[in-house]
Amino acid sequence: RKEVEQDPGPFNVPEGATVAFNCTYSNSASQSFFWYRQDCRKEPKLLMSVYSSGNEDGRFTAQLNRASQYISLLIRDSKLSDSATYLCVVNAGKSTFGDGTTLTVKP
Amino acid sequence: NAGVMQNPRHLVRRRGQEARLRCSPMKGHSHVYWYRQLPEEGLKFMVYLQKENIIDESGMPKERFSAEFPKEGPSILRIQQVVRGDSAAYFCASSPDRVDSNQPQHFGDGTRLSIL
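These protein sequence lines are chains L and P, in that order. If you're matching positions, the first sequence starts at 1 in our numbering and goes up one per residue. If you're matching positions, the second sequence starts at 108 in our numbering and goes up one per residue.
If you are wondering where the hints come from, they were derived from the structure by calculation, not from laboratory data. Every residue gets a Cβ at the ideal spot worked out from N, C-alpha and C, and that includes glycine. Just so you know, not all the hints are guaranteed correct.
Each computed BS3-like pair below joins lysine-lysine, with the alpha-carbon atoms no more than 27 Å apart [said to hold, decoys possible]: (1) L:K45 to P:K151; (2) L:K2 to L:K106; (3) P:K134 to L:K45.
Here are the in silico distance ranges between beta carbons for each label pair [claimed, not checked]: (4) P:A109 to L:N22: 34 to 44 Å; (5) L:N12 to P:S194: 22 to 32 Å; (6) P:D216 to L:G93: 20 to 30 Å; (7) L:A67 to P:E125: 44 to 54 Å.
Extracted from the complex, chain P is given alone in its bound form:
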């Protein structure tokens, strides 16, 4: 009964390095969402993906951030040339259908990214 699996749980990077965050949705779920939570702030939507498609990336910063959800394998959130301001908790959620279908999202444990 595996839920949404995120790894790593904690990731430390130096400024300028790349960070790759992985998310495997719950079994049977084909919709993946990424959120970022900065320290002392609320949860902010970043991107919504289906298999091989980006549906909504309106919350993604224009530069350095990208996301994919390939046909095989987990969804990847990639941050290039990380800066101190990228330090945050990154949560992934999945649902079996579109958000409009009244299906709630289920969250993974998150990845805590720390930039030195």
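Just chain L, same shape as in the assembly:
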């Protein structure tokens, strides 16, 4: 079993749709969590941190469930510019990246 597993992609959604990604992790000692996005194999860019209480940044909502060991990312009102690969990151002494979920938003 991988240390960090993400929903298999790709997700193809129309503009305006709501889409959710899940990411599960195996190390219960994991301490910090992040979502990154990566465009066309460019460098990953930090999208948002994930806090225990859940956090929101505009159309993006991140949640953490420590009991079930998963984090989620919800994107509301999808835009064409949201098309990218979304990577979850789990830190437990070192950073472990999920393999990413590819999102394509279509007009």
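Since the structure of chain L is already known, use the hints to place chain P on it.
Below, chain P alone, put in the same frame as chain L:
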């Protein structure tokens, strides 16, 4: 407001040559991480360094690969006797503190290594 600087952006080597990839972390960051992304695959951790120390090299291949982060100058990822399978994008990231401190990593633009 310089971010993480990697050079070169693109590097072409013939099989058997050496490749040296450089990474200068963001100002104030003393922790450096190297990742490799093979074509059509996800990002894979290679090594985590602090100044003059290798903290975790569990993702580094046992042979031909080495990394350093000297007291002065950039971090260097060195690949000796390159083979076709080394062709990949190599990303460097830095953070101000350990990963356990809730500080996110910031990535450089990467070096695309192509082996002929």
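Results of checking the hints against the structure:
1. L:K45 to P:K151: Satisfied, since the Cα-Cα distance of roughly 16 Å is no more than 27 Å.
2. L:K2 to L:K106: The hint is violated at about 31 Å.
3. P:K134 to L:K45: holds (18 Å)
4. P:A109 to L:N22: 34 to 44 Å: holds (36 Å)
5. L:N12 to P:S194: 22 to 32 Å: Given a distance of about 29 Å, which is inside 22 to 32 Å, the answer is holds.
6. P:D216 to L:G93: 20 to 30 Å: holds (27 Å)
7. L:A67 to P:E125: 44 to 54 Å: holds (49 Å)
The structure shown violates just one earlier hint, number 2.
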